[in-house]
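Here are the chains, one letter per residue:
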Amino acid sequence: MHGLRADHNIGGLGTSRWLEALWEPAARLYTLPNALDMLDVSGDGDARLVCADLGTLNVNSPKIRVYKGGDQITEHNMVDPPCGVVGFYTENGEPQSSVLAVGVGSSVYIFKNMRPYFKYCLPHIDVHPKEREIWHKVGLDEELNVLTLADELDLLLKELGAGFISPRTLKFLSMDPNLRVSFAEQYKRIPLIKSNALTAISVIRRDSWNDPASSCLVLGTEFGEVLILDPRTFSVMDKHLLQWPPVAFACTGLWTGDGRILIVGRDGKIGVIKRGSPVKLWEKLPSPAVAVSPLNNEGIAVTIMDGTLIGFSSKGIKLWHVRVPGAILDSVSLPVPQIGLSLLAVSTAGYGIRVYDGKHHVDTLKIMEPVSAMKYGRMGQEERTMAMVTVGGGLSVKILKRTADFSIHNAISNLPLNDGSKFLVPKKTRLFVEQTIRERSEAKKIHSTFQQGLLRLRLMVAKKVVETLNDSQGAGPHPLTMEATVLGLGPNYQIRILLTNISDELSDTDLYIVCRTENTNVKPRVMDVPLLPSGIPIPIVLNAILKGRISGRVEILLCKKSKTKPVAVTAVVLPAAEEDIET
Amino acid sequence: MELFKALNLFNQGKYEDCATICTNLLKKNPLNQVQTVWVLKMRALTLQIYVDDIEGEEEGIAESLLDNYTISSMPRPGTSLKNPGTSFTGQYLRPKTQSGRPLTGVVRPATQSAMSQSIEQTLKTPRTAMTARPITASSSRSVRLGTASMLTEPGGPFIQLSRLNISKYASQPCIAKPLFEYIYYHEHDVRYALDLAVQATQVCQYKDWWWKVQLGKCYYSLGLIRDAEQQFKSALKDSKTIEVILRLIRVYVRLDQPLTALETCKKGLEYFSNDVNILTEMGRIFDSLNNMSMSLKYYKIIAQEDASHTEAIASIGIHHFYNDQPELALRYYRRLLQMGVYNAELFNNLGLCCFYAQQYDHVISCFERAISLSTDETMADIWYNVSHIALTVGDITMAEECLKLAIVSDNRYALAYNNLGVIQIRNGNITAARTYFHAAANIANFLYEPHFNSAYLAYKVGDLQTSYIAVQKSLSTYPNHADSKTLLNKLERYFTYM
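As you go down the protein sequences, you meet chains A and B in turn.
Under our numbering, the first residue of the first sequence is numbered 1, with each subsequent residue one higher.
Under our numbering, the first residue of the second sequence is numbered 584, with each subsequent residue one higher.
These are calculated hints, taken from the structure and not from any lab test.
One thing to keep in mind: the hints can contain errors.
[Unchecked claim] Under the rule of at most 20 Å between Cα atoms (straight-line distance), these lysine-lysine pairs were calculated in the PhoX-like manner:
no., chain 1, residue 1, chain 2, residue 2
1, A, K68, A, K137
2, B, K880, A, K427
3, A, K130, A, K171
4, A, K445, A, K428
5, A, K427, B, K816
6, B, K790, B, K816
[What the hints assert, rightly or not] Reference excerpt, derived from the structure (chain A facing chain B, CB under 10 Å, subset only):
no., residue
7, H76
8, G307
9, E369
10, F432
11, G453
12, S503
13, G535
[As the list claims (entries may be wrong)] Per the computed footprint, the stretches of chain B lying under chain A, defined by three or more beta-carbons under 8 Å from a beta-carbon of chain A, are:
no., stretch
14, 763 to 774
15, 803 to 817
16, 935 to 946
Note that CB positions come from ideal geometry on N, CA and C, so glycine has one too.
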């Protein structure tokens, strides 16, 4: 085995189903889902890990990196950030090196033996006839009338919307009117084109189940098309128009036979295409999809951004949905044909990688950091390897043990669904029953005593309220709240007062704060209150110094200049200070 | 004759008179001839201000914030007092005190200390409560004891510690022990006391367990917790006493190792079966671990052993009250009343129990008595409870007035602000309600109610982002709050909506 060391001591704990092969936290690899693949690029039967590295924010140079085990062997610079990498074979049954396809911008770069081999450009989109007409007319005219051109294009923009206008027009309209002349002069005779952009890339087997077998490239474009390319000539075999941009594919079967491509759109639409039949829309997901993976029984699992995992049957019927804790970052299917299972690994933020068998959670892989992209397949000589790239740029490789058994958990996870949860409700005591008997026999007396008491209490509360709160507090035209906090260790304290105007208008202007103190010096003792806006707490800070060694008390009075009674009063206690804190 | 009189007075507990006679005797004779009198005076002065310092323990701000004996800063739930965890949550959620601890049956040392994590919260919350919390544990005692010694000795201190020949007295066991107690309790000079204890224990070749305990006490009050633990353990090997066991438990509680403390309690119970003091410690530790059922079990054993144990009865009472059995709680509180406890808190609790047990004829009279007995500290609580009764009766105006009275008596009463906010929503004053919720959340961010309320209000108004932030705070203080979860789900649907 090359480069991959199965370290039994670290990951080989009895309970784990995975062997720790590699953990390289400083790989500085930044990848998103769909940008990882494992393929035999050199033809020596040894699969390498190929990943599209987006680079960090400041070093904005996307690269394709090829790893052998934990060591990087080659690196290829890219012009634009790739939207995905896939590997495939061009011939049936010939053990040769596989071809790497990288989707970038509006083209697909094909590498053979890790050398540039071919560049496939997406066909241009037809420009709207009216726009073409306008630019054509400008090209014919000798005299350039920029104002008319701008008016016409502006009208067109309003009519069609920016999505259907060519970049040239948009650029023209966004320019400074003085610069438009030179721009129009420069471009008016050049034919108007509108280039397409690649949104997703995938592969589907062409006509053979043997390994290796030739596969067709599946390309999704921003314009809403799906293109199937012939593996030898790189010409379009089939073309499907969707009207909505696809973002992810899941391909099953043989394209020339009964193969199907499941498509998830950016707006959450999910549909399926077959060769020769138009797209069949299944349904619209409640939120954008993260990833889509095929399961063994022709079913499909889709993870979506609101944290759910949805299973669909091959007919597009929603079978189950599971809530996954934490945000989903990626998901990938783990086919284990030896035990007849097709598991699904879902990478979550904060909860590790959770492995599901259908809707049952069977295992959790703990990784140091959240995993942003992963790929399961053959790496080196090892068939069941999972490569993971973490958010922090680390690379981790784990190997699924041959002895791994996922059936035990399956049985357990079925159980708790059946029994209903029991509530702990304390029983009513005999005492309670006796009391109810008393209540029944003396209902009249109890009621009248309570009502009398309540009246008394009401009176008492009303008296207290009149005593302590005066008319302006609470019920006045501009109610205020005041809360005071003491900060500090003493003997120097800080009193922080928060004044809030809880009416919907501005407060009165002539308010001020006075402190009435015991054992304390407060500075300043009197302070004007600024105009208080509605609902925003305004902090006011006072400094207080204890005079003696016993605790002090400060009464803070909020007063109005024309009134004798304070608007609000609150008191704080300053705790006794430490005798001396030795330093 | 004089000496006999002094001894007699000492035995009668009239320490002050005894000390005066001793002073006179000492004036007449030089010190080395009347060592007996000297020792007697020391004893008399010490016993005047002798305190049971096992109980008088309050963790100060400096200890809770700056000392770091804890082994793990993120302990597993249920293994630490700072993170009691949700492993044992009963079927109810107790309200929290001003510093954020769940309410206990009685106010006892360390129920005031906050669980807060941030420095500002630690400095803010407890010190603005009506009873200010000391900064360090040693200061609260030393201030009190220091003033005591100053008052009793107008003509200068009885013993000049700086001039004391410690090594000489350390070699005389019959003098060393009273002298130690005098220095420790009367003068409260831990460093001299420690010096004496170290030399004395060397003299007796580390065989006297008493000196080991004293060493441990000194280390403990100096903050050298691990050394204290060693001394107490070594003392326990020599002789098993309840005092030392209790002190060792305290050491573990201070070290934030409740499970070890419980283990120590169980070992202690093997020697002193059903000892009320040790059982009380166990009840308290389980209480602070939020394991109410175990706590209840131990308090019940205590109540069987000592039928007039106030703490046990009050704790059982509060458990029944929050366990939806107010009629049982009423029984326990009535028992406290029969025992002669007569204060505002008890009448307040009796009133609440009567109200929730539907014994309406006693409710009002209990609250009236509570109000008439109340002090500044308890006033706010009583008004808050009265506001609940007003709400249940349906008198919103009265409830609002009561809540305002609660705020007047304690302007940091977060729950009162919260409830005022709810009433303001009913009245249609959205701005006022929002301000009240914010005030409540600012004062006590360990309460989930204000966070949830402001989240709900923001949600209704349409401010989804604010609502989301507030509901997350609510869930972080109370992760299982069903309403918050529902609200969060609704919000998430909005945010993921396409």
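- Within the assertion that chain A covers the stretch 763 to 774 of chain B, do at least three residues meet a Cβ-to-Cβ distance smaller than 8 Å? violated (count 0)
- Query: Going by Cβ atoms only, is H76 (chain A) closer than 10 Å to chain B?
  - Reply: 36 Å, violated
- Query: Keeping to a limit of 20 Å between CA atoms, is the pair of K130 (chain A) and K171 (chain A) held or broken?
  - Reply: 17 Å, holds
- Query: Are G307 (chain A) and chain B close enough, Cβ to Cβ, to be under 10 Å, as the hint says?
  - Reply: 8 Å, holds
- Message: Hint check: K880 (chain B) vs K427 (chain A), CA-CA at most 20 Å. Holds or violated?
- Response: 18 Å, holds
- Message: Interface hint check: G453 (chain A), Cβ to nearest Cβ on chain B, cutoff 10 Å. Holds or violated?
- Response: 3 Å, holds
- With a cut-off of 20 Å on the C-alpha distance, tell me whether K427 (chain A) and K816 (chain B) pass. At roughly 46 Å apart (the allowed maximum being 20 Å), K816 (chain B) and K427 (chain A) break the hint.
- Three-residue Cβ test at 8 Å for the coverage of the stretch 935 to 946 of chain B by chain A: Held - the stretch 935 to 946 of chain B has 6 residues with a Cβ nearer than 8 Å to chain A, which meets the minimum of three.
- Query: Does the structure keep K790 (chain B) and K816 (chain B) at a Cα separation of 20 Å or less?
  - Reply: Between K790 (chain B) and K816 (chain B) the Cα gap is close to 13 Å, so the pair holds against 20 Å.
- Task: Measure nothing beyond the straight line between the CA atoms of K445 (chain A) and K428 (chain A); if it is 20 Å or shorter, mark the hint as holding.
- Result: At roughly 25 Å apart (the allowed maximum being 20 Å), K428 (chain A) and K445 (chain A) break the hint.
- Message: Can you verify the interface hint for S503 (chain A): is its Cβ closer than 10 Å to any Cβ in chain B?
- Response: 7 Å, holds
- Do the numbers back the hint for G535 (chain A), that is, is its least Cβ distance to chain B under 10 Å? 5 Å, holds
Hint violations for this structure: numbers 1, 4, 5, 7, 9, 14 and 15, all remaining hints satisfied.
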